[in-house]
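Based on these hints, arrange chain P on the given structure of chain H.
Chains as they are written, first to last, in my numbering: chain H, 54 to 490; chain P, 54 to 490.
Check before you lean on any hint, since a few could be wrong.
One copy or any two copies: either way a pair holds, since identical chains are not told apart in the list.
[To be verified] Dumping the calculated DSBU-like pairs for lysine-lysine here, alpha-carbon to alpha-carbon at most 30 Å: (1) K225 - K188; (2) K152 - K188; (3) K84 - K225; (4) K84 - K249.
These are calculated hints, taken from the structure and not from any lab test.
2 protein chains.
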Amino acid sequence: MADVNFTPAELYEAWPVLSQEERVEGFEVLKRDDADDFFLQLSARDRAALLLALPFGERRLWMRLLAPDDAADLIQELPPEERENVLALLDESTRREVKGLLDYAEDEAGGLMNTRYSRLRADMTVDEAISYLRKDARMREKTVYYVFVVDAEEHLHGVVSFRDLLVAPGEKLVRDVMRADVISAPEDLDQEALSKLFMRHHLLMMPVVDAEGRIKGVVNVNDIVDVVQEEATEDIQKLGGVETLEGPYLQVPLLRMIRKRAGWLAALFLGEMLTATAMGQFEAEIARAVVLALFVPLIISSGGNSGSQATTLVIRAMALGELRLRDWWRVIRRELVTGFGLGAILASIGLARILLWQFLFGAYGEHYFLVALTVAFSLVGVVLWGSLAGSILPFILRGLGFDPASASAPFVATLVDVTGLVIYFTIAAAVLSGTLL
Amino acid sequence: MADVNFTPAELYEAWPVLSQEERVEGFEVLKRDDADDFFLQLSARDRAALLLALPFGERRLWMRLLAPDDAADLIQELPPEERENVLALLDESTRREVKGLLDYAEDEAGGLMNTRYSRLRADMTVDEAISYLRKDARMREKTVYYVFVVDAEEHLHGVVSFRDLLVAPGEKLVRDVMRADVISAPEDLDQEALSKLFMRHHLLMMPVVDAEGRIKGVVNVNDIVDVVQEEATEDIQKLGGVETLEGPYLQVPLLRMIRKRAGWLAALFLGEMLTATAMGQFEAEIARAVVLALFVPLIISSGGNSGSQATTLVIRAMALGELRLRDWWRVIRRELVTGFGLGAILASIGLARILLWQFLFGAYGEHYFLVALTVAFSLVGVVLWGSLAGSILPFILRGLGFDPASASAPFVATLVDVTGLVIYFTIAAAVLSGTLL
Numbered sequence: 054m055a056d057v058n059f060t061p062a063e064l065y066e067a068w069p070v071l072s073q074e075e076r077v078e079g080f081e082v083l084k085r086d087d088a089d090d091f092f093l094q095l096s097a098r099d100r101a102a103l104l105l106a107l108p109f110g111e112r113r114l115w116m117r118l119l120a121p122d123d124a125a126d127l128i129q130e131l132p133p134e135e136r137e138n139v140l141a142l143l144d145e146s147t148r149r150e151v152k153g154l155l156d157y158a159e160d161e162a163g164g165l166m167n168t169r170y171s172r173l174r175a176d177m178t179v180d181e182a183i184s185y186l187r188k189d190a191r192m193r194e195k196t197v198y199y200v201f202v203v204d205a206e207e208h209l210h211g212v213v214s215f216r217d218l219l220v221a222p223g224e225k226l227v228r229d230v231m232r233a234d235v236i237s238a239p240e241d242l243d244q245e246a247l248s249k250l251f252m253r254h255h256l257l258m259m260p261v262v263d264a265e266g267r268i269k270g271v272v273n274v275n276d277i278v279d280v281v282q283e284e285a286t287e288d289i290q291k292l293g294g295v296e297t298l299e300g301p302y303l304q305v306p307l308l309r310m311i312r313k314r315a316g317w318l319a320a321l322f323l324g325e326m327l328t329a330t331a332m333g334q335f336e337a338e339i340a341r342a343v344v345l346a347l348f349v350p351l352i353i354s355s356g357g358n359s360g361s362q363a364t365t366l367v368i369r370a371m372a373l374g375e376l377r378l379r380d381w382w383r384v385i386r387r388e389l390v391t392g393f394g395l396g397a398i399l400a401s402i403g404l405a406r407i408l409l410w411q412f413l414f415g416a417y418g419e420h421y422f423l424v425a426l427t428v429a430f431s432l433v434g435v436v437l438w439g440s441l442a443g444s445i446l447p448f449i450l451r452g453l454g455f456d457p458a459s460a461s462a463p464f465v466a467t468l469v470d471v472t473g474l475v476i477y478f479t480i481a482a483a484v485l486s487g488t489l490l
Numbered sequence: 054m055a056d057v058n059f060t061p062a063e064l065y066e067a068w069p070v071l072s073q074e075e076r077v078e079g080f081e082v083l084k085r086d087d088a089d090d091f092f093l094q095l096s097a098r099d100r101a102a103l104l105l106a107l108p109f110g111e112r113r114l115w116m117r118l119l120a121p122d123d124a125a126d127l128i129q130e131l132p133p134e135e136r137e138n139v140l141a142l143l144d145e146s147t148r149r150e151v152k153g154l155l156d157y158a159e160d161e162a163g164g165l166m167n168t169r170y171s172r173l174r175a176d177m178t179v180d181e182a183i184s185y186l187r188k189d190a191r192m193r194e195k196t197v198y199y200v201f202v203v204d205a206e207e208h209l210h211g212v213v214s215f216r217d218l219l220v221a222p223g224e225k226l227v228r229d230v231m232r233a234d235v236i237s238a239p240e241d242l243d244q245e246a247l248s249k250l251f252m253r254h255h256l257l258m259m260p261v262v263d264a265e266g267r268i269k270g271v272v273n274v275n276d277i278v279d280v281v282q283e284e285a286t287e288d289i290q291k292l293g294g295v296e297t298l299e300g301p302y303l304q305v306p307l308l309r310m311i312r313k314r315a316g317w318l319a320a321l322f323l324g325e326m327l328t329a330t331a332m333g334q335f336e337a338e339i340a341r342a343v344v345l346a347l348f349v350p351l352i353i354s355s356g357g358n359s360g361s362q363a364t365t366l367v368i369r370a371m372a373l374g375e376l377r378l379r380d381w382w383r384v385i386r387r388e389l390v391t392g393f394g395l396g397a398i399l400a401s402i403g404l405a406r407i408l409l410w411q412f413l414f415g416a417y418g419e420h421y422f423l424v425a426l427t428v429a430f431s432l433v434g435v436v437l438w439g440s441l442a443g444s445i446l447p448f449i450l451r452g453l454g455f456d457p458a459s460a461s462a463p464f465v466a467t468l469v470d471v472t473g474l475v476i477y478f479t480i481a482a483a484v485l486s487g488t489l490l
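Okay, chain H solo, but in the shape it has when bound:
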């Protein structure tokens, strides 16, 4: 442990793999300024863990470094029994603000907003506004670039940037330099919708207003970068058939890791058991023509892979707002063509492979050509079906009010495995009847 004398950059880099004791030791030896910066760079989760590991007497200092929204985020990461103790470290007025913020869900506009922002009245002159802000701004957050124009009841009337104030003639009224058509978010707007608004209008800050149009706080674009990253992580994990991990891979306790994965894995396993039932229905056919069994993994995995492609593309397009519920028919039309094309490509490769092996090794008996045809037709059917099922399942889930990203690649693969077997053995029965079957 003598080697924890890190520079701030080294400490930040090593943080995920350090033990709790090493973290505290590394943090305590930083110079005061570096430690401030370092603490502000940590995620809310890491800040909460570090705070609890620090001696009780030092905690107040670090909590008071945080803006109310950051303090609220930290407190939400604490175990419930610690929350009151940490709240008590804040000064009276911050504590009141933080408590207000804790009433919002973490993933809505109210839960992301900062309650400290600058305001002006519309009937001030630009010169008055600047000299008011020169006195006022010292008290405010470092992250202020816009000033919001409000009336006595805090109703939002406009917005003006420091830059606009600076370049406007001093005798003009704020009302004449402000932008009146402010894009604002209701308190309960979901963070995904909020981030789309930010991206569309290239905003740096957005005011959050209540139902009466009174400003309650502002959301900063930096928090939106985190939201976009976090939403992508959730979607990726869901697509991989895992419940959202809610923490860095190396830091999630093993038992929770198993729980987060076991749920979906067991559900998929139960679904996949239907393949044993389906195969059981065709047990007599397999006994008569064992050669059929050889191609089962090839056929069903091709369906699963094409389904995985389709569901991935559709789910991501939905998350980006490129596909809406009412586009389902366009998607089906596209996937019909795409699935048929892809199926035909795989069928040609499969046909060539079986004929080649037959020619080289005589591997598939006298009816090899009918076997090859069975495989080829099945591939077209299964890939087409995989593409359709994979693309349409997210629409069905969304239509029913579920998260479309639950149509994970493994989920679609499982669905397609069972039906793929039925397609394969049905085609086999038709093609091979009278010869092998």
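Just chain P now, kept in the frame of chain H:
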């Protein structure tokens, strides 16, 4: 087409599904101010398409609305033969700036930066700086919140926000209110590394400097939000076994859609053919004990699903910087435990299912218990192997210099399918030798 009289919001909403003619018609009927805003909200790709669809005489107007970096992005989206024509629409000095930007790759700091920013000298007083900016800022971009302090050779010495200037005493020197330890990016810094710097330091803007420390431009956080979204989309599509689509789902031409999916699908199909070879090795065993074939899809899909979970988690953790190459041993240790736990859970369910079906339907013959044991042992082995392979493959790919996200869920599933069959039939041979086999 009489119904294209959209409000700007309706037009934006409907944009992805409109035809080229409907877009132009909808755009042309907007009021001038709305049309300006609307044009600036479109993505570079959509702007380029719209521009080419507009009458030649109108194009100059719209090109001149764009900042140099936006103009460069638009030009990169044009077919090569149109680029010179569109460049010619710009005024002389903007054209020179845009040409300079076109020399950078789209996905590095230089390709993302804006060349218009405000600058000051360190030895001005705050009052001088403010009055200089009041004259200067009118000429500049709307998106300026920081002013960069440079010397006569454009070397970057510090940064100061409008807010800091506003609240500082007027007689102080800029050098005394600026922040000297500026976080800056080299011109060729990859956009993923750049976005990590932005997120870590909660920045709104970052200067881009050349090897001699001269400022070349600034990257705005709004572009970083787009980068984060775009990188996530690439990773998600790769994870789903699709080449990056490079366009919205509904707008990618069908032939390109098939090409983007056929490559991986065919490669996976060729790999999956090894399952037919592997099954062929065990053809005699299957003929003797057809019951073994029934569980093949169940076993290999369980391996594929657990591998898909593991690879998804590891690839995302790598993208977020939570896992580095040297963490491979920690990951293996975690996946050994997790894979064994998950395998044991599935094995118990599988065992229960076979015993129950035997009890209810007598489905699996006199050696049902040995069959059940074979399935249970195989599940532990296959799930453990799937978790290990899925988690370690991204490390191997990255170590070899490939993109770890190429270890897509279907890729891992295919790998695990082939080896899973070998595991299953080897265990079957050991457990059932002397009875069924």
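Each hint, compared with the structure:
1. K225 - K188: Cα proximity of K225 and K188: in one copy and across copies (20 Å, 16 Å).
2. K152 - K188: Intra 28 Å, inter 44 Å, cutoff 30 Å: intra-copy only.
3. K84 - K225: between (47 Å within a copy, 27 Å between copies)
4. K84 - K249: Between copies, since 24 Å is at most 30 Å while 40 Å is not.
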